[in-house]
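A.B. asks: Here are the chains, one letter per residue:
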Amino acid sequence: MKTESFAPRKWLALSRLTNSAFLLPLLALVTALILGAIIIWVTSGSIGTVFDAFGGLIRGALFKERGLSESLIATVPYVFLSLAVAVGFKAGLFNIGVEGQFYMGAISAVFVGQLATGLPAIIHLPLTLLAGAAGGALWAAIPGYLKVRTGAHEVITTIMLNYVAFRFTELIISGPLRDIHSTAVQTTRVASSAEVWLLYEVPARLQDPLNAFAVALIAGFIAFLVSRTIRRRRERIAAAAPMVLSVGRGKPTRAPGILSRHSSLVTAIVAGVATGVLLPILTRLWWPFTDQYDRLHIGVLFAIAAAVAVWWLIGKTTIGFELRTVGANPNAAIYAGMSITKNVVLAMAISGALAGIAGTIEVLGVSICRCLPLFFSSGYGFDSIAISLLANNSPFGILGVAFLFGAMRNGADLMELSSGVSKYIISLMQALILLFVSAPPIIRWLYRIRTEQKGQRLGLPGSWGGKA
Amino acid sequence: MNQQTTSPARAIGQGLRLKGRWWVTALVGLMLIVVLWLLLNLIIGGQCDGPCVVGALAQTLRVATPIAFAALCGVMCERSGVVDIGIEGKMLMAAMVGYAVNLFAYQALKDSMGVVAAGNLSRWLAMFAGVLAAMVLAALHAVVSIEFKTNQIITGTVINILAVGLTGFLYRQFLAEHLPAGPGTFPIINIPILSNIPIIGPILFQQKPLTYIMLITVVVIQYVLFHTPWGLRTRAVGEHPRAADTVGVNVYKIRYINVIAGGLIAGLAGVWFTLEAVDVFNPMMTNGLGFIGLAAMIFGKWNPFGALLGALIFGLGNGVTSTISIFRPDIPSQLPQMLPYLLTVVILTGVVGRATAPAADGTPYEK
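Taken in order, these protein sequences are the chains called R and C. Just add 50 to the spot in the first sequence (first one is 1) and you have the working numbering. Just add 69 to the spot in the second sequence (first one is 1) and you have the working numbering.
What the hints contain is simulated information worked out from the structure, not anything from laboratory work. Since this is a predicted model, take the numbers as computed values, not measurements. Even for Gly, the Cβ is constructed at its ideal location relative to N, Cα and C. Possibly wrong hints are sitting among the right ones.
[As the list claims (entries may be wrong)] These stretches of chain C come out as covered by chain R in the derived footprint (C-beta under 8 Å, 3 or more residues): (1) 101-110; (2) 220-226; (3) 400-409.
[What the hints assert, rightly or not] Just some of the chain R residues that point at chain C, by a computed CB distance under 7 Å: (4) Y195; (5) L196; (6) A202; (7) I209; (8) V214; (9) R284; (10) S417; (11) I418; (12) C419; (13) L485.
Could you put the whole structure together from the sequences, leaning on the hints where they help?
C.D. replies: Shown next as structure tokens:
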């Protein structure tokens, strides 16, 4: 179709922008930053401090030595935990217990990570990640089940289980799993095979053929997915307009050969073999991450993969469809024959699994002792609610917002150092962002944005709900 | 619809799910305490004698104070139809402001009016200021959830996070180091004559002021909710705002006032931490007690006396576990520390009886 009138359409796009999902979060962000600046100004008494503080924040987050790496490291748990919160929101659940699930994931991972030694990484690392996910998932499934069966509201039960999880991990760390050779109260170190690789280690790790094989498998899998998606899309287009294609080409359609029938599989094998053979050699020749003090780990890739997986699961599968239906309208879901119990518990379990993986990666890749120390305070949990709301629960939005929060968290230290402003100002600003995002009318009123978008509200039950 | 409770005895009876007369309730309660005492002695090898029991019960009431305040805040808000998850945040805010004001008012006053008088005045000033801070947060909660009609659970969470951020920032900026000595917490007030009664005296009448205030507040709110026009309107707004609106009740006004009054009570819960329990402030010091208060409120079926009973059960749990940890240091302290939180979950699951929230709880009213 030709565009009949270009200018009005452009105008429409502009007005759509003011209404879009982007504008309000952006304004919320800006407003919170301005308010933060004002608070710094008022409490310090000089406007110079404001510039010092924000300058320090930006330098610490991005331009300091290894600043960007550290920001990315802080981003990884944010991504997982925000995805966890978002999955809950999609199913109409407010999981504010991700912090506890994070701990339960971490402790399960430590248990499996130090239990077995001598396993190859190709088995041990996935096993440990799985254990972490399972720990978080089970912990989160409890409030889900209680909600459906007894009406106990998940907001309170998840928070209470947070405290139980903190005490429980303390108990395990100072008891059964304690490293008796260390003066600090911490668990024993996980086996090297369970560690999440640092990026600078990758060439060395890949020299092990089993590791290379694992990477080849993953590469093959990704290639398979991509190629199958492209193929499906092409088939759909062909099915929609068979005449156009055959007439336009002027060729008779041939029966596809064995290669093209299994083209996705072929692509996968080719990609896998190529990766498995070439990557160890190539990384040995040239690898950008040579700084051995750089703590950046491959968990960053896991985070991206998790975002894609959640996007696919929630948006493209029957499971996701059911979860969203239960979240948007439980009565419709029941009427359509969906099980509320199954879906609520499943949503909580997926949410908890993501949170558990976050804890696992922190233990296996970030924690300096590769273990769980007694004071493993993270404080990621509440922030991730803000991230999820700010990103409007979109998995790819979360990637961006999580990086913003991770960078702020990482830059906060240098900010405190260079301006004397407490780094807690960051959490204050994040709380303000959350306030503005959760109450769009404030922003609309502040910036005189008139149009109200209907139907954008979260499908959360407002009250104690009772039995669904 | 909720049953309209008229007498305190019935409220307590309902709290325990007993249908009989009040003295049956009291008797069962007493028997439970005796059983608990026997169990306790089983664990700690019979070391808990008379004074120890009295001490544990006094501790029960002491610890129940903030939980009961939090639960009362919940009752006020939710009877008018506003869910309040943000109690914890208001408490934290009040705790910090109370602590700071106590400290700095004392510094300003002690030279001009003597140490003792300055201490007394600054503590009351601090209480006032802390309560005011909590009311400001409550007002924010009210505006956002009543005026802007956002999801109240999210609003409450926002309040909590905001309070953590704000108190954390102010604490680190102003209260973390180089602090002058403060006047300390409230002293114990012995009620004349009554405090000399053998067992009851030390439990009920040798407490700090906020505990007395709590007991009075429970009675006042019970009276206001069930025996005054205001209470009737509040309950009507919480159950069926449109009907209330039709007969001329100003739904928004009732909700605003209730939420802000709830903030006042939550503020009292908050200042308990720094003006009555310990003379320090640390970030996150409220430790989920606000949420436990909500559980106490649900346990008490949204009735003030029931809420007090729920709070007392949590307090009793605390009294028992702290006695255990004194006599049995070999039991890891984390185990008894988990108990109140697990108890909260159990109460919420309705094992001890199902409760119905006010019908319009959590739904913003649109005219």
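A.B. asks: For each hint, tell me whether it holds in the structure or not.
C.D. replies: Evaluated hints:
1. 101-110: The restraint on the stretch 101-110 of chain C is violated, since only 0 of its residues have a Cβ under 8 Å from chain R and three are required.
2. 220-226: With 6 residues close enough to chain R, the hint holds.
3. 400-409: holds (count 5)
4. Y195: Violated. Min distance 10 Å.
5. L196: 5 Å, holds
6. A202: 4 Å, holds
7. I209: Interface hint status for R:I209: holds (5 Å vs cutoff 7 Å).
8. V214: 5 Å, holds
9. R284: 43 Å, violated
10. S417: 21 Å, violated
11. I418: 24 Å, violated
12. C419: 21 Å, violated
13. L485: 5 Å, holds
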